[in-house]
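Chemist: One-letter residues, chain by chain:
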Amino acid sequence: MLTVIGLAVAVGAVVSLVGVSTGFKDSFMKIYESRDVDLVVTRAGGNEALNSGLPEQLGDPIAKLKGVKQVVGGLVDAIDFRDQGLLGVILNGWPPNCPLFGELKVLHGKLLAPGDEHKIIIGRVLAANLGKKVGDKIELYGSEDFEVIGIYESPIVYENGGAIVLLSELQRLDNKPNEISGFTVSAVKPIDDQSLDDLAERIKELQPGLKVTKSKEFVNNVQQIKMSSAVAWITSAIALIIGAIGMLNTMIMSVFERTKEIGTLRAIGWRRSRIIQMIIGESLLLSIGGAIIGSAAGVALVKLLTKLPIASGIVSGEISTGVFVQGFLVAILVGAAGSIYPAVWGANLLPTEALRRK
Amino acid sequence: MNNHSHLLHPSHNGAPVILQVDRVSRTYADGSVTALNDVSLEIRRGEYVAIMGPSGSGKSTLLNLLGTLDRPTTGELYFEGHPLSQLRDLDAFRSRKIGFVFQSFYLLPTLTAVENVQIPMFETGATPAQRVKRAYELLEMVSMGHRATHLPAQLSVGERQRVAIARALANDPPLLLADEPTGNLDSRSGNDVLSLFDELHTQRGKTLIVITHSQEVADHAERIIWIRDGGIVHSRAEALKQREAV
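The listed protein sequences derive, respectively, from chains A and B.
Anchor point for the first sequence: position 320 equals 320 in the working numbering, and the numbering is continuous, going up by one each time.
Anchor point for the second sequence: position 70 equals 70 in the working numbering, and the numbering is continuous, going up by one each time.
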């Protein structure tokens, strides 16, 4: 039972940690996939891709390039609401004519319009976490109050946990006049990889110091996502090693306590291979049991955690099938790895020796 | 090679040799302990042989070698004329040719009687239905059909030994080896087991080799082989003296 629990913890760690990390990346990727973004333009050499700093005016020459369907530029920052335990809340600054406003579903109030100074719209998750409604004030950067004029729902989980002000307002607050974090570029379809690479080169030629990345590569290289994935796998690996040691210990004890039984089976004609199959089979059954319990526990844990304010605006709580498959495969691997040695040891005992043991 | 044919029961003089032991020795601990020393004997098909001797005489070692549970240090054993040292798959051989009955029964505690009886059949390729059918037949034969679904812990010692005998017969082996089969039984259960052995010998033509301390058990056998200090007592007269002395 303890072995099954140990394995369940290991699998639960894989499912929950890797699931959250993968979900984090998938949610981020969805921003670009759902908006048909092909390229992301940022400043080259910047460490934080989300805050690289480009001139706002660069958007026009990019839009005029052949093959470009749409260019969207914006400023992004991350703010804290420490009193509510919310850290790293995404604050977007969009120009008033930004096409992304069209994707938001207004739940209460209205969207931002040109000239809306000290006005803010917030996602439904942030509204719930802050306990704010239309007409309430939110203090930004510890100094300025912004009036909530609308609460929206976005197809992007990050945006539901974030807020949006006009680009000019965020540029003012961040002291970044005429500056944006980057541009997202949608190409005219259909387009093949070679043509996309050509377009990226032409964008780079517009100004020195530009980095143009395909959206999937951009997401995969976001520092926070890489760290999240690495931490998830390292932590899971530790849990798995502990699970494997537990399994090895259990199977060694099991075989040791059953040497007479194994000796009897060998005496009455069971082949070594059948003994090995039996012991590894038992271990795999334990593993699958642990995997089922661990997967269920991992899902429950993630669902619970994503309801917490600090997480609800960042991860969706959905775990992909691929993560479950990984969890089961890992459990099977641990079960096999932890039982091979005791299985071979037990099967190679001489029947007379095995029957003689107490 | 020592010839012990004068010790054979007359009825088996013409029967083929099923087991032949040719100058077999078994030593342990790098040769410092000699369990068997230069032993030779023949067992003919259909014989009922008892092997007797004091503790530490080498009886169990001999049984283990006869049953291919162990290998001799020197010498050779032959089964139906084939040298066992040249058999590649001893496990398969044991499964089909030899049935074991142990003093402590060695039934698997988590399996029912009918499941225990099926265990040797896994190596024969029998289907589950075939295994179950044969297991029930064997349990009926040993008068345990009504207890087929009971676990060993729910059976008396006599009943457990009968299930163990049924298991030993699972693949219809020609040879049965029994190590102190009545050692842990009361007299009534012991008599039941001996009756079963008699029936297997006379009605089913099984070759039986029984290790025993008990004269009562040995008296059921057609031939008694005495072992002392790792060697076989040769003459019939000396064997009689040994029996009287014990």
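Errors might be hidden in some of the hints.
Taking lysine-lysine pairs in the DSS-like style, the calculated list, with each CA pair at most 30 Å apart, reads [as the list claims (entries may be wrong)]:
| # | chain 1 | residue 1 | chain 2 | residue 2 |
| --- | --- | --- | --- | --- |
| 1 | A | 260 | B | 133 |
| 2 | A | 176 | A | 189 |
| 3 | A | 260 | A | 30 |
| 4 | A | 30 | A | 307 |
| 5 | B | 97 | A | 260 |
| 6 | A | 119 | A | 132 |
To be clear, the hints were calculated from the coordinates, so they are not data collected in a lab.
All values reported here derive from a predicted model rather than from experimental measurement.
Chemist: Given the hint that residue 97 of chain B pairs with residue 260 of chain A, test it: the Cα-Cα distance must not exceed 30 Å.
Modeler: holds (22 Å)
Chemist: Could you grab the alpha-carbon distance between residue 119 of chain A and residue 132 of chain A and see if it respects the 30 Å cut-off?
Modeler: holds (14 Å)
Chemist: Would you mind confirming whether the straight-line C-alpha gap from residue 260 of chain A to residue 30 of chain A stays at or under 30 Å?
Modeler: violated (59 Å)
Chemist: For the pair supplied as a hint, residue 30 of chain A and residue 307 of chain A, is the alpha-carbon distance within the 30 Å limit?
Modeler: holds (21 Å)
Chemist: Holds or violated: residue 260 of chain A with residue 133 of chain B, Cα cutoff 30 Å?
Modeler: Distance ~27 Å between residue 260 of chain A and residue 133 of chain B Cα, so the pair holds.
Chemist: Is residue 176 of chain A within 30 Å of residue 189 of chain A, Cα to Cα?
Modeler: violated (34 Å)
Going down the numbered hints, you'll see the structure goes against 2 and 3, while the others check out.
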